[in-house]
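J.: Sequence:
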Amino acid sequence: EWTPIPGRFKDYIAMPKGNMYQSLHTTVIGPFGERMEVQIRTTDMHRVAESGIAAHWKYKEGKGYDEKEVKRFTWIRQLLEWQQELDDSKEFMDTVRVELFPEDVFIFTPKGDVKGFPKGSTPIDFAYSVHTDVGHRCVGAKVNGKLVPLKYELKTGDIVEVITSPHHTPSKDWLKIVKSTRARNKIRAWVKTEERTRSITLGREICEKEFRRYSLNFGKLQKTGELKKVALEFGFVAEDDLMASVGYGKLSSNQILSKLIPAEKLEAAREHKETRIGKVIEALKGKSSSAIQIDGVEDVLVRFGKCCNPLPGDDITGFITRGRGVTVHTADCPFAMSSEPERRIEVAWNKGRKSALPVKIRVLCNDEKGILANIATAITNCEANISSASIQSTLDKKGENLFEVDVTDLDHLKKVFAAVSKVKGVIKVERLKS
182 EWTPIPGRFK
192 DYIAMPKGNM
202 YQSLHTTVIG
212 PFGERMEVQI
222 RTTDMHRVAE
232 SGIAAHWKYK
242 EGKGYDEKEV
252 KRFTWIRQLL
262 EWQQELDDSK
272 EFMDTVRVEL
282 FPEDVFIFTP
292 KGDVKGFPKG
302 STPIDFAYSV
312 HTDVGHRCVG
322 AKVNGKLVPL
332 KYELKTGDIV
342 EVITSPHHTP
352 SKDWLKIVKS
362 TRARNKIRAW
372 VKTEERTRSI
382 TLGREICEKE
392 FRRYSLNFGK
402 LQKTGELKKV
412 ALEFGFVAED
422 DLMASVGYGK
432 LSSNQILSKL
442 IPAEKLEAAR
452 EHKETRIGKV
462 IEALKGKSSS
472 AIQIDGVEDV
482 LVRFGKCCNP
492 LPGDDITGFI
502 TRGRGVTVHT
512 ADCPFAMSSE
522 PERRIEVAWN
532 KGRKSALPVK
542 IRVLCNDEKG
552 ILANIATAIT
562 NCEANISSAS
572 IQSTLDKKGE
582 NLFEVDVTDL
592 DHLKKVFAAV
602 SKVKGVIKVE
612 RLKS
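Per our numbering, numbering of the sequence shown is gapless, rising by one per residue and ending at 615.
Hints listed in this document are in silico derivations from the structure and should not be mistaken for laboratory results. Any given hint could turn out to be false.
As the list claims (entries may be wrong) - Derived pair list, reagent style DMTMM-like, types lysine to aspartate or glutamate, alpha-carbon separation capped at 25 angstroms:
hint, residue 1, residue 2
1, K300, D285
2, K541, E564
3, K357, E564
4, K579, E611
5, K410, D422
6, K300, D339
7, K404, E386
8, K609, D548
9, K292, D225
10, K332, E386
11, K605, D548
12, K487, D422
13, K431, E420
14, K390, E414
15, K410, E386
16, K487, E564
17, K357, E386
18, K595, E581
19, K327, D314
20, K296, E342
21, K323, E334
22, K596, E585
23, K614, E585
24, K431, E414
25, K327, E342
This one's a predicted model, so the numbers in the text were calculated from it and none came from an experiment.
The task is simple: from the sequences and hints, build the whole structure.
T.: This is the structure:
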C-alpha cells in the first residue's frame with residue numbers, strides 16, 4: 182500500500198514555476214515505511230525539467246511557434262532586463278538564483294488570473310507585477326476582500342486588489358519588505374531618480390548662492406556655455422550631472438569657482454571673507470557663556486538650531502549668523518548640509534560645562550487609562566524635567582504623546598528612552614529633531 186503524505190501534493194502544471202518547470206509532485210510512504218517522491222509529467226515537460234529550456238527550444242526549431250509559445254519564455258526577457266538594470270555582477274547572480282529557485286506562492290488577481298511570487302512577497306510586489314505606475318502609486322491593498330497593511334505576506338490562494346492614489350510615491354523603506362526582483366529594481370530606479378532630482382536642485386541652490394558672493398550670475402554662465410565647459414572639465418556630459426555632484430557632496434562649489442575665477446582673485450576674496458568672519462567672532466566675544474567651544478575661542482554668543490535641537494553627544498557643526506553669533510546644528514541637519522560652506526565653523530561640546538537642553542520626544546502607546554501618568558513618572562524618575570506635553574488619540578485607538586524634556590546630554594536622553602520603553606503599553610519612543 183502506498184499511503185500519500187498530506188500536504189505534500191504540488192501542482193506545477195496548473196501553476197508552473199518561473200523557469201517554465203511543470204510537473205505533478207506528491208510524496209508517499211512505501212510498503213517498507215520509506216518515503217518516496219513521485220513526479221508525473223509529459224515527455225515535453227520532462228525534456229524541459231531534465232535539459233532546460235534551451236533543449237526544449239531547439240526541439241521546437243523548424244516546427245514554428247506562435248505568440249502563445251513566445252509568452253512561455255517571458256522570463257528570458259526578464260533575465261535581459263535584470264542584466265540591464267543591475268550593474269553589479271554578483272547582485273545579478275544572486276537575483277537569478279533567487280528567482281530560479283524560490284519557494285513560490287501563487288495568488289489570484291480580481292479577474293482570476295494566477296501570478297507567482299517568491300515566498301514572503303507583499304501587496305507591493307503584486308502591484309509592481311501589474312504595472313510600474315500601479316506599484317509607484319500603491320497606498321494599500323485588499324486581500325480576500327479585507328484591508329491589509331503593505332507589509333502583509335501573501336499566501337497561496339489569496340485574491341489581491343491594489344489601492345492606488347495619483348499623488349502617492351514609493352518609499353525607500355519598501356526595499357526592506359519586497360521580495361520580487363521586479364519590485365526591488367523599480368523602487369531602486371525611482372529612488373535613484375528622485376535622489377538625483379533633489380541633488381540637482383540642491384547643487385544648483387548651493388552654486389547660485391556661492392556665485393552671487395563673487396558677483397557671478399548663474400543664469401548667464403548657463404547661457405554663455407561656461408558651466409557646460411566646467412562640466413566637461415570635470416568629466417561630466419551635462420550641467421545637471423555637475424549640479425548633482427555638488428548636491429551629493431562629491432564636488433564643492435569652490436571647486437567649480439576655481440574653474441571660473443583666476444586663482445589669485447579667488448584667494449584674495451577668500452582672505453577678505455576670513456577677515457570679516459574673524460571680526461564677527463571678536464565682536465561677539467564676551468557676550469555669552471555656553472557649553473560650546475568654537476575653535477578654542479570662548480565667550481561667543483551661541484544659539485542652537487531649532488530645526489534639529491542638538492544635544493551634547495551629537496556630532497555638530499556651527500554657522501556664523503550675522504548679528505546672531507554662531508548657530509549650532511547637528512552634523513546631519515538638512516539646513517546645515519545645504520548652507521553656505523564659507524559660513525561654516527568648527528565647534529565642539531565643552532565637556533567642562535553641563536546644562537539642561539530641551540529635546541522633543543514622541544511616545545506612541547496604547548490608549549489606556551493611567552498610561553500617561555506612568556510615562557511622566559518614568560521621565561521624572563530619570564531626573565529629566567517635562568517642559569510641555571501634548572496628547573492626542575489616533576484612529577486605531579493609540580495614544581500619540583509629544584513631550585519636551587530637558588536633558589543634559591545624549592546619554593541622559595537614552596536613559597529616558599529606556600525608562601519610557603519599559604512602561605507597559607508603550608509601543609515606540611523616538612526623538613523629534615524639528
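J.: Against each hint, give a clear statement of whether it holds in the structure.
T.: Hints, one by one, checked against the model:
1. A threshold of 25 angstroms between alpha carbons decides the hint, and for K300 with D285 the separation of about 5 angstroms falls inside it, so the pair holds.
2. Between the alpha carbons of K541 and E564 the distance comes to roughly 16 angstroms, so the proposed pair stays at or under 25 angstroms and holds.
3. A threshold of 25 angstroms between alpha carbons decides the hint, and for K357 with E564 the separation of about 38 angstroms lies outside it, so the pair is violated.
4. Between K579 and E611 the alpha-carbon distance is near 16 angstroms, which keeps this suggested pair within the 25 angstroms criterion.
5. Restraint check: the Cα-Cα separation between K410 and D422 comes to about 12 angstroms, which is no more than 25 angstroms; the hinted pair holds.
6. Only pairs whose Cα atoms come within 25 angstroms are accepted, and K300 paired with D339 is accepted, the gap being roughly 13 angstroms.
7. The hinted pair formed by K404 and E386 meets the criterion: a straight-line CA distance of about 17 angstroms does not exceed 25 angstroms.
8. For the suggested pair K609 and D548, the alpha carbons sit about 13 angstroms apart, so the restraint of at most 25 angstroms is met.
9. In summary, the hint linking K292 to D225 is not supported, as the alpha carbons are separated by about 30 angstroms, beyond the 25 angstroms threshold.
10. Only pairs whose Cα atoms come within 25 angstroms are accepted, and K332 paired with E386 is rejected, the gap being roughly 37 angstroms.
11. Between the alpha carbons of K605 and D548 the distance comes to roughly 11 angstroms, so the proposed pair stays at or under 25 angstroms and holds.
12. Note on K487 and D422: the hinted pairing is violated, with a Cα-Cα distance of about 33 angstroms set against a maximum of 25 angstroms.
13. A distance of roughly 15 angstroms separates the Cα atoms of K431 and E420; the hinted pair therefore holds under the 25 angstroms criterion.
14. In summary, the hint linking K390 to E414 is supported, as the alpha carbons are separated by about 22 angstroms, within the 25 angstroms threshold.
15. For the suggested pair K410 and E386, the alpha carbons sit about 19 angstroms apart, so the restraint of at most 25 angstroms is met.
16. With a C-alpha separation of about 23 angstroms, the suggested pair K487 and E564 falls inside the 25 angstroms cut-off, and the hint holds.
17. With a CA separation close to 32 angstroms, the supplied pair K357 and E386 exceeds the 25 angstroms bound.
18. Distance check on the hinted pair: K595 and E581 sit about 20 angstroms apart at the alpha-carbon level, within 25 angstroms; holds.
19. For the hint linking K327 to D314, the alpha-carbon distance of about 23 angstroms falls within 25 angstroms, and the restraint holds.
20. Our distance criterion of 25 angstroms between C-alpha atoms is met by K296 and E342, whose separation comes to about 13 angstroms.
21. As the CA atoms of K323 and E334 are separated by approximately 12 angstroms, the hinted pair is consistent with the 25 angstroms bound.
22. Taking the CA atoms of K596 and E585, the gap is about 15 angstroms. The hint holds against a cut of 25 angstroms.
23. Restraint check for K614 and E585: satisfied, since their Cα atoms lie roughly 11 angstroms apart, inside the 25 angstroms limit.
24. With a CA separation close to 15 angstroms, the supplied pair K431 and E414 stays within the 25 angstroms bound.
25. With a C-alpha separation of about 10 angstroms, the suggested pairing of K327 with E342 holds against the 25 angstroms cut-off.
Checked against the numbered hints listed earlier, the structure breaks hints 3, 9, 10, 12, 17; every other hint is satisfied.
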